[in-house]
Amino acid sequence: MILGKVIGTVVADARVSTMGGQLLRLVQLLDGRTLEPQGGIHVAADVTGAGDGELVMLSSGASARKAGNLRDAPVDLVIIAIIDELAGAAGVIYRPAQRGATA
Amino acid sequence: MILCKVLGTAVSTRKDAQLQGAKMLMVVEVDARGEPLAKGTMIVIDAVGAGRGDVVLVATGSAANNTPQTAHAPVDATAVAIVDTVSSGGQVLYSVGGSI
Numbered sequence: 001m002i003l004g005k006v007i008g009t010v011v012a013d014a015r016v017s018t019m020g021g022q023l024l025r026l027v028q029l030l031d032g033r034t035l036e037p038q039g040g041i042h043v044a045a046d047v048t049g050a051g052d053g054e055l056v057m058l059s060s061g062a063s064a065r066k067a068g069n070l071r072d073a074p075v076d077l078v079i080i081a082i083i084d085e086l087a088g089a090a091g092v093i094y095r096p097a098q099r100g101a102t103a
Numbered sequence: 001m002i003l004c005k006v007l008g009t010a011v012s013t014r015k016d017a018q019l020q021g022a023k024m025l026m027v028v029e030v031d032a033r034g035e036p037l038a039k040g041t042m043i044v045i046d047a048v049g050a051g052r053g054d055v056v057l058v059a060t061g062s063a064a065n066n067t068p069q070t071a072h073a074p075v076d077a078t079a080v081a082i083v084d085t086v087s088s089g090g091q092v093l094y095s096v097g098g099s100i
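The listed protein sequences derive, respectively, from chains A and B. Going by our numbering, the first sequence opens with residue 1, and the numbers climb by one from there. Going by our numbering, the second sequence opens with residue 1, and the numbers climb by one from there.
It is worth saying that the hints were derived from the structure and are not from the lab. Note that the structure is a prediction, hence the values are computed from the model and not measured. Do not take every clue at face value.
[To be verified] Covered by chain B, per the in silico footprint, the following chain A stretches (three or more residues, Cβ under 8 Å): (1) 2-9; (2) 28-42; (3) 79-89.
[Stated by the list, open to error] Selected chain A positions facing chain B (in silico; Cβ < 8 Å): (4) Ala12; (5) Asp13; (6) Ala14; (7) Arg15; (8) Val16; (9) Asp52; (10) Gly61; (11) Ala62; (12) Asp72; (13) Ala73; (14) Pro74; (15) Val75; (16) Asp76.
Even for Gly, the Cβ is constructed at its ideal location relative to N, Cα and C.
The whole structure should be built from the sequences, with the hints applied where relevant.
Right, here's the structure in full:
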């Protein structure tokens with residue numbers, strides 16, 4: 001899996017029937033060590049209800065379609081988890097303020 | 001999935017039997033504003049009736065086979081939706097008809 005940040009939304013009403021009403025989010029892939037952009041912009045289906053600015057875990061390829069009810073959907077990238085905390089050898093790399101407060 | 005702009009179409013008469021009737025689009029990957037990236041073009045199967053100038057959502061790998069048109073076809077990239085808008089932080093970055 002890879003880390004990414006939700007940066008927006010894609011609206012596309014004309015779509016293949018097998019896509020259903022799947023929510024489509026714009027994501028920027030990130031390097032987990034620095035949270036700096038790594039690679040380009042992608043569009044991902046979302047089964048978590050992630051909001052703009054949240055750090056998320058994405059699964060790609062055929063494995064990604066094991067999430068939700070995406071088995072027959074033409075999607076190759078899916079947001080499968082919202083990250084509450086990311087830590088490395090030097091400590092916490094990422095912990096959003098509001099989530100940290102409730103954890 | 002990636003965002004791509006349709007540049008044109010490809011036509012073939014001699015092709016794999018599973019490609020009969022499939023419409024082929026030549027596309028280039030674009031950024032969130034619909035501006036082409038400095039990358040090569042690719043050919044994708046059209047499953048949504050897209051045309052030149054449209055920004056489409058392209059599914060790759062085995063996901064490209066999860067449409068009625070491509071279920072049994074030897075293809076690895078399919079246009080699965082026509083993008084209306086791309087927005088970020090409350091700002092519309094791309095809108096259909098706005099940047100062609």
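Results of checking the hints against the structure:
1. 2-9: holds (count 3)
2. 28-42: This one holds; 3 residues, not fewer than the three required, reach chain B with a Cβ under 8 Å.
3. 79-89: Since 0 is below three, the answer is violated.
4. Ala12: Result: holds, 4 Å to nearest chain B Cβ.
5. Asp13: holds, 6 Å
6. Ala14: Holds: closest Cβ of chain B sits about 4 Å from alanine 14 of chain A, inside 8 Å.
7. Arg15: holds, 4 Å
8. Val16: holds, 5 Å
9. Asp52: Holds - the Cβ of aspartate 52 of chain A comes within 8 Å of chain B, reaching about 7 Å at its closest.
10. Gly61: holds, 6 Å
11. Ala62: holds, 5 Å
12. Asp72: Since chain B brings a Cβ to about 6 Å from aspartate 72 of chain A, closer than 8 Å, the hint holds.
13. Ala73: Check passed: Cβ of alanine 73 of chain A comes within 6 Å of chain B, closer than 8 Å.
14. Pro74: holds, 4 Å
15. Val75: At 5 Å from the nearest chain B Cβ, valine 75 of chain A passes the 8 Å test, so the hint holds.
16. Asp76: Result: holds, 4 Å to nearest chain B Cβ.
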